[in-house]
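Just need the whole structure built from these sequences, with the hints factored in.
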Amino acid sequence: MNERSSREHGEKELQPILEEEEEEEELRPQSPHEATTSRLRNLAHNSLVRTAAKNLALIIIWYFFSTLLSLWNRTLLGKGHGVLGKGAFPAPMLMSSLQFAAQIVMAKTVLGLGIVKRHKPADLTWREFFVHVVPNGAATGLDIGLSNFSLSLITLSFYTMCKSTTPVFLLGFCFLWGIESPSWNLAAVVLIISFGLGLLVAGETDFNLAGFVIVMVASALSGLRWTITQVLLQGSNAHGTGASGGPVEVLLALMPVMSVTVAIMSLTIERLWLVLPGSPYFDSIQSLATTTMLMLFGGTIAFFMVWTEFTVIAETSALTFMVAGTFKEIVTVMAAVIFLGESFSFINGVGLVVLIMGVALFNYNKYRKILSGQAAPGSRKPTSATAKDGPNDEESARLVNGGPRLSLGTSPRASPRASLSAALELSSHRSGPHQAGSASNSRSTLGPPGAVL
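Under this note's numbering, residues 8 to 460 are what the sequence shown spells out, in order.
Derived by calculation from the structure, the hints in this document are not laboratory data. Accuracy of the hints is not assured; some may be wrong.
[Stated by the list, open to error] Okay, the calculated beta carbon distance ranges per label pair:
| no. | residue 1 | residue 2 | range |
| --- | --- | --- | --- |
| 1 | Trp133 | Val330 | 39 to 45 Å |
| 2 | Ile276 | Ala296 | 38 to 44 Å |
| 3 | Phe304 | Leu63 | 23 to 29 Å |
Quick caveat: nothing in here was measured; it's all calculated off a predicted structure. Cβ coordinates follow ideal geometry from the N, Cα and C atoms, glycine included.
Below you can see the structure in the form of structure tokens.
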């Protein structure tokens, strides 16, 4: 007992001395190296800084795969390009179909190996499959197939800028079906984007009319796809529970339809029985094996691009993804000029700036509606709020502040049927001429390439 009291007494006597030493340590001036180290340590422990650094890294990875895939497809398909000295690949739509098939294999692989957790699939009837999966898969496949076809005729930079006009077609179809109400702001969006497109066409030194028409048809299909989905979803039940599957499972559901649709178009348009026998890509068993590896390479890039895009959507806010998606257009154009040697005139530059301004205004209008509860990504009607199925304040806050992690159908207000429909609705949110359908959660972005609805 006396020993314990003595020890406690000694600790009390030492306490003031230790406190004085700590105070002296704090008051001692730090060297520049120590001050820098201390600041870096504080930054490393700052949750906001860590989150920003992680999101920036994800966006850079997304940019890398997306730009790499755009450059790869243009190199493989474009006139005057080609790989392994074989010239341009003779069948762009066949290439798209084979890339989709490669992504089916990879999706099955990551699910089978447990790399991606398998969610509980929704029980879809044949009617639901043909109403929701087939229209989305077919339209997405045609959009990407025609986009790749246009790349064999026009430059990647010109393609990217033309494809950014999708909001114009989207708004047109929305006006036609009464989903969107005309306004001066939306009229300004259409005029600005159209003016930017006119400047792009005027400044294009290697203009190809057929390629321009094809890429604009692809843009129109992209806008039509979003609108059809919105119309189909207006009667969906949005007040149940359950999960419909993760993004890889949705990709797996869409890809077979996309692959078959584009394969049929390839047989119809590209006349494979005449083109392939004389092509250096198919003139021998060795060439066929090499071509298979080339298709797998493109499909692998596309798969990882979609996967990283899912992650970016899940980890960032709607505003961050909106800005990143718009800026990605500029990155792709710059990459085409630097790595492919494509020309880019002053008029092209002005047209691109004007077009980006129009897309930014489009995004800003939609983002304001999201904040005000008038448009929830994945909701039935993106332009009108109702007391019954408009997003509540908690959902709106979750949308702006980052939201939950990526999981299709995990919202307590979404039934399995409606969740899968919303996931299919969000397919193929990209600006590249190549990627597979993508999906996200209850706060996902909904809209055409480079834009967020």
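Now the hints, each set against the structure:
no.: 1; hint: Trp133 with Val330: 39 to 45 Å; result: 41 Å, holds
no.: 2; hint: Ile276 with Ala296: 38 to 44 Å; result: 26 Å, violated
no.: 3; hint: Phe304 with Leu63: 23 to 29 Å; result: 27 Å, holds
Taken one by one, the earlier hints fail for this structure only at number 2.
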